[in-house]
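J.: Going down the list, the sequences are from chains A and B.
So the first sequence is residues 3 to 354, counted in this note's numbering.
So the second sequence is residues 337 to 429, counted in this note's numbering.
In case anyone wonders, no lab produced these hints; they're calculated from the structure.
Predicted, not measured: the structure shown is a model, and the values here were computed from it.
Warning: the hint list may mix true and false statements.
Unchecked claim - Subject to a maximum C-alpha distance of 27 Å in a straight line, what follows is the list of computed DSS-like cross-link-like pairs (lysine-lysine):
1) K283(A) <-> K248(A)
2) K248(A) <-> K424(B)
3) K424(B) <-> K47(A)
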Amino acid sequence: MAKSVFKGVRISGVAGAVPQQRVDNLKDHQFVPEDDRKKIVALTKVGAYRRAPVEMCSSDLCQAAAEALLSGLGRTAQDIDAIVFTTMTPDYRVPSTACLLQDRLHCRTSTLAYDINMGCSGFVVGLYNACTLIQGGGLKRVLLLAGDTQTKLCHSEDKNVVFILGDGGTATLLEADPTADDIVIELMTDGSRFKNLYVPAGGFRCRSNETTRRVEEQPDGGVRSAENLYMNGMEIFKFSATDVVKSIAEFMEAQHICPEEIDSLFLHQANGFMNEKISRKLKIPDAKVPYTIGFYGNTGSASIPLTMAHHYSTTVPTRERCLLSGFGVGLSWGVVSATLDGVYAPPVVELA
Amino acid sequence: MSTSGLRDHLMSDSLDASIRELFAALLRVPVTRIDDHARPATIETWDSMQHLMLVSGFEEEFSIDVDPEEAVDMYESFAAFRRIVLAKLEQRR
Numbered sequence: 003m004a005k006s007v008f009k010g011v012r013i014s015g016v017a018g019a020v021p022q023q024r025v026d027n028l029k030d031h032q033f034v035p036e037d038d039r040k041k042i043v044a045l046t047k048v049g050a051y052r053r054a055p056v057e058m059c060s061s062d063l064c065q066a067a068a069e070a071l072l073s074g075l076g077r078t079a080q081d082i083d084a085i086v087f088t089t090m091t092p093d094y095r096v097p098s099t100a101c102l103l104q105d106r107l108h109c110r111t112s113t114l115a116y117d118i119n120m121g122c123s124g125f126v127v128g129l130y131n132a133c134t135l136i137q138g139g140g141l142k143r144v145l146l147l148a149g150d151t152q153t154k155l156c157h158s159e160d161k162n163v164v165f166i167l168g169d170g171g172t173a174t175l176l177e178a179d180p181t182a183d184d185i186v187i188e189l190m191t192d193g194s195r196f197k198n199l200y201v202p203a204g205g206f207r208c209r210s211n212e213t214t215r216r217v218e219e220q221p222d223g224g225v226r227s228a229e230n231l232y233m234n235g236m237e238i239f240k241f242s243a244t245d246v247v248k249s250i251a252e253f254m255e256a257q258h259i260c261p262e263e264i265d266s267l268f269l270h271q272a273n274g275f276m277n278e279k280i281s282r283k284l285k286i287p288d289a290k291v292p293y294t295i296g297f298y299g300n301t302g303s304a305s306i307p308l309t310m311a312h313h314y315s316t317t318v319p320t321r322e323r324c325l326l327s328g329f330g331v332g333l334s335w336g337v338v339s340a341t342l343d344g345v346y347a348p349p350v351v352e353l354a
Numbered sequence: 337m338s339t340s341g342l343r344d345h346l347m348s349d350s351l352d353a354s355i356r357e358l359f360a361a362l363l364r365v366p367v368t369r370i371d372d373h374a375r376p377a378t379i380e381t382w383d384s385m386q387h388l389m390l391v392s393g394f395e396e397e398f399s400i401d402v403d404p405e406e407a408v409d410m411y412e413s414f415a416a417f418r419r420i421v422l423a424k425l426e427q428r429r
């Protein structure tokens, strides 16, 4: 199994950025009857989310977050040894958007920069990479950027996703520190179920053409093209209810962590109903499970760090034992145990 | 049938009817379409989002708490859904 204990790596700070434009789930989406809108909001807990305008990409959001983070921590772009950018929505197919961000952030040319094509598990996978670069590679500072503009993957009349998915970008700074507490990360993958959450066409397996771009009502009632995101809601709920819960429970048992010892559980912000079921099954009280889904929605790879940024920017910094759980496209999922000690988090940036 | 047996039988019939009526109401279909063989494949309004609303609706109405795995099992058919609701109610007694 891909489970590693990382020593000497500190999470120094985390920052988030969201678009200014707000979508109100009760008022917008007029194609759905008002009663249904109310029920969906009551169930998912997504009252609103942010939508990036056409010209705004995940990289813009992550750049804004990174600049706020570095400035607040008193670090400069010249201090960064590597940029790892996890996203499903890069600026271009080629090259890695991280390369563009090396330039836009004014990092040294001796900076390593690459993308990881992952969605809702992206932050935990990216964290694994960043920790490896520091512990194994001897780097001093790694900027982990996680962001998605998922609204651009959805069709505006696919009610299966349009009430839930939002846009956001984040930056997390990891630094070498021999006094840091261990970070433990376990990652899992099951590619046999990839078709339960994917974009069927527009890649190289099924090239974009007139047919794949055609918007039609689908058997599940959603309206979309083959180049929009498809989600099999019940299979993903089943995945979350079984594999994800089991992974966290087994991780806690293996690491000898009791629910009482957890100060904060940062779950990927998938769906309010589902997340409450997960935390209750794990016997972790609601007060220890920060949420941002109510106002930012499900922001893909950004959802865990955005929730961390919101939480730590609005609370007094203390020492917290945390669990993180990311799960989604692939299917892939992962669990992280980390002790965050005085982590810096500026207020979430709103980008116009 | 004894008096208590008849009373239990009537209450059981009443409970079954309540479950069936609430189920149909939440899915917005006539109650006559809800029998033991009703499944997501046969009820067009019974999709994944609606299913979570069904579970949530029954939790609220009957003050029960459905585990995530049970919620998944309930998606199999109305018979499975009802079986789990009844088991939850029995646990409370």
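J.: If you draw a straight line from the CA of K283(A) to the CA of K248(A), is it 27 Å or shorter?
T.: 10 Å, holds
J.: Hint check: K248(A) vs K424(B), CA-CA at most 27 Å. Holds or violated?
T.: 22 Å, holds
J.: Please verify whether K424(B) and K47(A) have alpha carbons no more than 27 Å apart.
T.: This hinted pair holds, its Cα atoms lying about 25 Å apart.
The structure shown violates none of the earlier numbered hints.
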